[in-house]
Structures are given as structure tokens and as C-alpha cells.
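Asks: Each chain, written out:
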Amino acid sequence: MSRLLAAIGARALSASTELGGMVIMLLHIFRGIFTWQMDVMETWRNLYKVGVKSFPIVVVTALLVGAIMVIQTGALVAQYDAYGLLGWGAGFATLREVGPIMIGLMFSGRVGANNTAELGTMKVTEQVDALRALAIDPMTYLLVPRFVSIVLMMFLLTIVGDLTALLGGALTAQLLLGVEPLLFFWSIDEYLLTEDLFNGLYKAFTFGFAIAVVSCHFGITTSGGAVGVGRAVNASVVASAVSIFVLDYLLTYLLG
Amino acid sequence: MIEVRGVTKYYGRTAVLNNVSMVVHEGTQLGLIGPGGAGKTLLIKIMSGLVKPDAGKVFVDGEEVTALGPVALSKLRVKMGMLFQNYALFDFMTVEENIAFPLRQKNELPDAEIRERVAQILKAVDLPGIQRQFPNELSGGMKKRVTFARAVIHDPPILFYDDPTAGLDPVTSSKIFILLERRRNEKGTTSVVITHDILGVKDICDEFAMLDHGRLIFRGTREEIENTRLPRVRQFWEGKAEL
Amino acid sequence: MSEEQATMQAGELAPPAELRTGFIHDVVGALGEPVLHVYREVRNILGLMLLTFFYTVFRRIGWSAVFEQAFNVGNRSLFFITVVLGFLGMILIFQSGFQAQKIVGDLQMLGALYVQMLFREFAPTITALMLATRVGTGIAAEIASMVVTEQVDALRMNNADPVQYLVVPRFIATLVMTVALSCVSLVVAFTSGMMLGWGAFGINPATFYNTALLEWGDLIIFLLKSTAYGIAVPIIAAEAGLSAFGGSEGVGWATTKSVVNASLAVTFLDFLLSGFGYVVLFS
Numbered sequence: 001m002s003r004l005l006a007a008i009g010a011r012a013l014s015a016s017t018e019l020g021g022m023v024i025m026l027l028h029i030f031r032g033i034f035t036w037q038m039d040v041m042e043t044w045r046n047l048y049k050v051g052v053k054s055f056p057i058v059v060v061t062a063l064l065v066g067a068i069m070v071i072q073t074g075a076l077v078a079q080y081d082a083y084g085l086l087g088w089g090a091g092f093a094t095l096r097e098v099g100p101i102m103i104g105l106m107f108s109g110r111v112g113a114n115n116t117a118e119l120g121t122m123k124v125t126e127q128v129d130a131l132r133a134l135a136i137d138p139m140t141y142l143l144v145p146r147f148v149s150i151v152l153m154m155f156l157l158t159i160v161g162d163l164t165a166l167l168g169g170a171l172t173a174q175l176l177l178g179v180e181p182l183l184f185f186w187s188i189d190e191y192l193l194t195e196d197l198f199n200g201l202y203k204a205f206t207f208g209f210a211i212a213v214v215s216c217h218f219g220i221t222t223s224g225g226a227v228g229v230g231r232a233v234n235a236s237v238v239a240s241a242v243s244i245f246v247l248d249y250l251l252t253y254l255l256g
Numbered sequence: 257m258i259e260v261r262g263v264t265k266y267y268g269r270t271a272v273l274n275n276v277s278m279v280v281h282e283g284t285q286l287g288l289i290g291p292g293g294a295g296k297t298l299l300i301k302i303m304s305g306l307v308k309p310d311a312g313k314v315f316v317d318g319e320e321v322t323a324l325g326p327v328a329l330s331k332l333r334v335k336m337g338m339l340f341q342n343y344a345l346f347d348f349m350t351v352e353e354n355i356a357f358p359l360r361q362k363n364e365l366p367d368a369e370i371r372e373r374v375a376q377i378l379k380a381v382d383l384p385g386i387q388r389q390f391p392n393e394l395s396g397g398m399k400k401r402v403t404f405a406r407a408v409i410h411d412p413p414i415l416f417y418d419d420p421t422a423g424l425d426p427v428t429s430s431k432i433f434i435l436l437e438r439r440r441n442e443k444g445t446t447s448v449v450i451t452h453d454i455l456g457v458k459d460i461c462d463e464f465a466m467l468d469h470g471r472l473i474f475r476g477t478r479e480e481i482e483n484t485r486l487p488r489v490r491q492f493w494e495g496k497a498e499l
Numbered sequence: 500m501s502e503e504q505a506t507m508q509a510g511e512l513a514p515p516a517e518l519r520t521g522f523i524h525d526v527v528g529a530l531g532e533p534v535l536h537v538y539r540e541v542r543n544i545l546g547l548m549l550l551t552f553f554y555t556v557f558r559r560i561g562w563s564a565v566f567e568q569a570f571n572v573g574n575r576s577l578f579f580i581t582v583v584l585g586f587l588g589m590i591l592i593f594q595s596g597f598q599a600q601k602i603v604g605d606l607q608m609l610g611a612l613y614v615q616m617l618f619r620e621f622a623p624t625i626t627a628l629m630l631a632t633r634v635g636t637g638i639a640a641e642i643a644s645m646v647v648t649e650q651v652d653a654l655r656m657n658n659a660d661p662v663q664y665l666v667v668p669r670f671i672a673t674l675v676m677t678v679a680l681s682c683v684s685l686v687v688a689f690t691s692g693m694m695l696g697w698g699a700f701g702i703n704p705a706t707f708y709n710t711a712l713l714e715w716g717d718l719i720i721f722l723l724k725s726t727a728y729g730i731a732v733p734i735i736a737a738e739a740g741l742s743a744f745g746g747s748e749g750v751g752w753a754t755t756k757s758v759v760n761a762s763l764a765v766t767f768l769d770f771l772l773s774g775f776g777y778v779v780l781f782s
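Heads up: the protein sequence lines correspond to chains A, B and C, in order.
If you use the numbering used here, the first sequence corresponds to residues 1 to 256, in order.
If you use the numbering used here, the second sequence corresponds to residues 257 to 499, in order.
If you use the numbering used here, the third sequence corresponds to residues 500 to 782, in order.
Do not take every clue at face value.
Some chain C residues flagged as far from chain B (calculated, every beta-carbon gap over 12 Å) [unchecked claim]:
id	residue
1	Pro533
2	Glu540
3	Phe552
4	Gln600
5	Leu606
6	Ala653
7	Arg655
8	Cys682
9	Thr726
10	Ala727
Partial chain B-side listing against chain C, Cβ under 7 Å, derived [to be verified]:
id	residue
11	Phe348
12	Phe357
13	Leu365
14	Asn441
15	Thr445
The list that follows gives simulated cross-link-like pairs (lysine to aspartate or glutamate, DMTMM-like), each with its CA atoms no further than 25 Å apart [as the list claims (entries may be wrong)]:
id	chain 1	residue 1	chain 2	residue 2
16	B	Lys399	B	Glu437
17	B	Lys431	B	Glu372
18	C	Lys601	A	Glu190
19	B	Lys399	C	Glu540
20	A	Lys53	C	Asp652
21	B	Lys331	C	Asp652
22	B	Lys431	B	Glu463
23	C	Lys601	A	Asp137
24	B	Lys308	B	Asp419
25	B	Lys331	B	Asp310
26	A	Lys49	C	Asp525
27	B	Lys335	B	Glu282
28	B	Lys362	C	Glu748
29	B	Lys331	C	Asp660
30	B	Lys308	C	Glu540
31	A	Lys49	C	Glu532
32	B	Lys362	C	Asp525
33	B	Lys308	C	Glu532
Quick caveat, the hints were computed from the structure, so don't treat them as lab data.
Idealized CB from N, CA, C, for every residue including glycine.
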């Protein structure tokens, strides 16, 4: 029995250590942002890397997600012969839930993993120590630009993704179900509220926040050579995924 | 005998190996030297068939390595052993399983005899009794000796040693070079030794070759390299910072 | 060899024609590069898949390795999957319950529709996405570390085929565990949804547990999807791992590539199989 308790205790301790580390790192980052100590070149470079280079993946994912949502809702709608609700049904689910979650997961994979990998490699090859030796604060130089880029780009790309998903859905509706795009978009216009869009965007912002914090934390605390980098990336994407779902639930509950 | 003819390999737009040709006769121990990044590791990987060149051919004992399919290549590999620069020990296996691997793959000997051989060779490299340990529990010198044991346990007539003494202290380095020399003397192996330790390898290699930026700039005997007038080779051989 | 001969031998070959540069060449290259890149990736992945199938069927399988991997993939992911799908269940019921109340007013069919959605879409797909992150990166990281520390070369030098040795056990283990965990996800998500339905909307669990709408087609789609995902994720992760090069940076790059490719593949397969399901099974 005591072994089980010890195991639970150890897990809890390690989880709280990670969490504590993230909070402290976050404080450093905020201080960097609010005292405007960002390295402009690094920030620009990261905005490009995170945003522009993730664009194709987000677009492809969004198209597919929109199509899938229409296919699934389509089966239901056909049963009740309620084609006028197709746009609403698919659109609602996409904007509020599936869009931010899928884009968040894709983002966590593409950007979060990459970020942790880069930071992790820098840490194990002692580049971070080298920065400190040159009197450059790794937090402001490395982390703040990445943090800002990830949060900003997640938000912007979700907007793009939402639109693309709806387009993908409309296309699928026409091709598979024979629903006119006009009807599809009318349904969206009629039943969906701006609130639904913003709901999803708040979530996107939060997810971006979580991905940024988690990936930076696991990256900058990597140890153990090449194997350690692999482990750090693994931990980072797992933690991001769990955070996305937990946060999604909390936000769904809070935002109604 | 190993023959390399006009081997070239590109990574992107750079020629990492550029038109390299040479012969390593049977029973010779060749010292392959040159600055870092000159293509030495790549060359032995091409010789052993692990990498295919973009141009050129390699012949081992008359067979064209570069043209062989996987089945024929595996038959050829039985004749070879390689000591890797970064140990390349399987970190999910014990020392014993690592060293016995080549023998178990051949599947010709009974298990008891394999274990006996492993014990013998561990004694020969001065590491008796560590069979049950895992690679990450060993020091660098110990790992290098285990890698050596794994490379030679199946008595291959052709051996490739990639930087066998990298990062080791002087005493351990000597021990490793003694092992190399003994193997050549006792078994008459054909071997290629990549090294930066010119002093250590001077006396145990019969012939030398030097690569610089992918090109073979010297190929000759111990006497020839001692007396060479080629500036780059001279500089490297004597370990001088400036020409 | 004389000195003159040595210097002569250091003659250079001109770079082959394909590597010469020019403006038009560069522009066309920049446009075509992504297409070629995608083509090469897909070709490598399919090649590895066929090779893995071949070795699985026609060669001896190291079952102890398979069981070890199965433990890694399955048992270790259990907690993670349970947490994620538990929350997902709650989210889905919360959202649909709210909307159903507003638009339709009656929550009777909620359980029935929900369980159908779980079978057709959410259980297999979300499980696979989660496994793509956890297991996919794990496999890619392990194999990539072995590649950059030359252990894979050492395997080949000793005539052990890395695909047979490393990929096949992970493939079998992941395939089996993906299907198994998808079943677990069904149960978990359904239960959490049912709890929330009761707690937030007062839906009687007995009403919620309504399998009236379930058809054979739903089960077939569920199995098809989880099997397809279970094949895709480990193969893509292994391909990413095997293509690594260059030290710790290479390992990081391989793990990223595996997550991205695996997630895209799951999404794409989801699209294909959902479409197939709609057209073939439900019309």
C-alpha cells in the first residue's frame, strides 16, 4: 500500500514541479514583454517560422475538418430531412469546438514539437549556457519571441482555418449531399451568432497560450543528449494535447 | 583486398568525396587520416556498402560492392567488422548480448559456445565479467573496447576502425592500439583505421592515405609519408598549426 | 606512389549537370520542390509500409519485443487516453445538450445520437490523434536516436534488417493497441458524457443509454478507422525516425515530422473513410 502512495506522491510532485517551473518561466516572459525587451529580429523570424510555414498545414487540416463535419452531420440531417440545418450544424460544431481543437492539435504538433526540439537541442548542445556567458538573457532572447509568435499566430491561423473549414464544408455539402452552397451559407448566416465565432477564438487564444508555455518549458529544461530531446518533444506534445482538452472543457463551461 | 575507383558523393551541391581511388591490399593495415569533415567516415561506409556513392565503384575481394543487392551484400558483410566512432552499442541490450550479436545473427554456433567466446574476448580486452552490464553504465574507454570486441568476435578478414581512440586517455589509447596491432599480426586482417592520433598509429599501420576536403591527396607507405614534400600532408603528419 | 602521381590523382570531377544553377531553373525548382518533397515522403512511407507488411507475414516475429512495445504503447497511454476522452465526452454533451435544448427542446435522443457519433467519428479519430502525439513521437524519437548514434548502421553491418528488427514489433503492437484503446475510448467518453448529461441536464442514464440507432455500419466504420489509423501512425513515425540525420537536432526534427505527418494522415484517412461510410454504408 505504501508503495502505491509513494508512486502517486512521486507523480504528483513531478507534475507540480513541472507546473511550477512553467509559472516561473511565464513570469519571466511577461516581464520581458511588458518591459518591451524583445529582440525584434528574433521575433520577426519566429513570426515567419511559426505563422507562414504553418499556413499550408492549417489550411489542409481545416478543409478536411470542414468536410468531415459536413459528412457526419449530413448523415443525421438526411435522416430528419432537415437540410436547412446543415450549415448550422456543421458550422456550429466547427467554429466552436472542432475547429479550434483540430487546429490546436495540429499546431501543437507542428509548432509546439518543433519549438521544443529547437530549444531542447540548443540546451543539450550548451548553446543556452553560451548565451548566458555572453550576458544575453536566454528568456528574453529565446523565449519571448517564440511565445509571442505562437500565441499570435494560433489566433490568426484559427480565423483563417475557420473560414477554410466552412468553405471545405460547403464544397462537400454540394458534392456529396447535393446541398446548394447558397443554402449552406444561408443556414450559417441565419442560425450562427458572432458569439459562436468568438467563442472559438477565445479558445484558440487560450490553446495558443498553453502550447507556447508547454513547448517552451519542456524545451528549455531538456537534458540527456539526443535521447533527451526526443523525450522532451514527446512530453511537450502530450502535455499540450491534455491541456487543450482540459482548457476546452473549462472554457466551454465558462463561456456557455 | 579492397579497391575504390573514382568514388564521388554529393550532399546538396558539395562534393563530400571527390573522385577518390585507391587500393588496400590483403593483410595491410591502412591509416586513413585527414582534417575533420574530409569524408573519412563516409569513405569507409561506402567501402562497407552502408552508403551508395553517386559515382564510382568499390570492389571487395573481386566483388563489386556498389552493385550488390541486399542478399549478396549481407553475405559479404559476414566478412567485415566495423568499430563505430560513437560506439553504436545497442543501449537496450547487455554487454554480452551486444558482443554476441554478430555470432547470433550468423546462427551457426550453439549458445554455450557463443557465451564462452564472449567471455574470452572480454578477457582479451581486459574487461572480464561485465557481461550483464548495460552500455550506459560503462565509461568511454570501456565502451570502445566493447565495440572493438563486437567488431572482431566473428573473426572477419576485413575490419574498419572509425576513430578507435577518440576522447580516450593516453593509457587506454595505447591499449586499444595494441589490440589493433595484435589482431593484424595474429590474423592477417585487412583493415582501415581512421584516426587523428598520428603518434599512436605511426607504428601500427603499414600504409597511409590522407583525405582533404573529399580528395585523396596522399597514398603511400610509412616511409613515403615520413619523407613527403607535399605541404598539407607534411603539416598534418607533424601536427603543426601553420605550414 | 610518387608525389606527382598523388597530386595528379587529386583531380576534380565537374559537378553533374543537374546541380548547375540558373535563374529559371531556380524558380521552377522552388515551385516544384514542395510537390517533389511530398511525393518523395509519400513514396517512402508507402515503401516502408509494404516492407513492414512483408516482414510481418513472411519472417519470424520476435514476440517478446512485440509485447514489450505493446506495453509501452497501450498500458502507458491508458491514463492519458482516459483523461482526454473523459473531457471530450463532457465537452460534446455539454455543447450538444445546450444547443439541442435551444433548438429542439427535447433531449431524449441525445444519448442515441451521441453513441452513434462516438462509433463513427470521435472514438477512433481522437484516440488515433492522441496516439500519434504520444506513441508516434515516442517511436520516432527512439528510432531517430538509434539512427544518429549509428546503432542502425551497426545493425545493418551485422545483417540485422532495421525494419524487421525495429519497425515490425512496434507496428504490430501499435495496431493492436490502437484498436483496443479505441474501444476503451468509446466506453470512457460514453460514460463521462452520460454523467454530464445527468449532472447538467438531468437526463436519466437509462434514457441516455440508447443503442436503438446503432447499425452494423457504425461498427464496421469504427473498426475500419481504428485499424487504418493503427497502421498509419507507427509506419509514419518509423519512417520519420529512420530518415533522421545529424545528432540531437536530427532527433528533434524527426519527432516533429512524425507528429505532423501522422496527424495529417489520420485527418485525411478520416475524411476518406467518413466519405466512404456515408456513400456506401448509409445511403
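Asks: Hint compliance check: list the failing hint numbers for this structure, sorted ascending.
Replies: The structure conflicts with hints 6, 7, 11, 13, 14, 15, 19, 20, 23, 28, 32, although it agrees with all the remaining ones.
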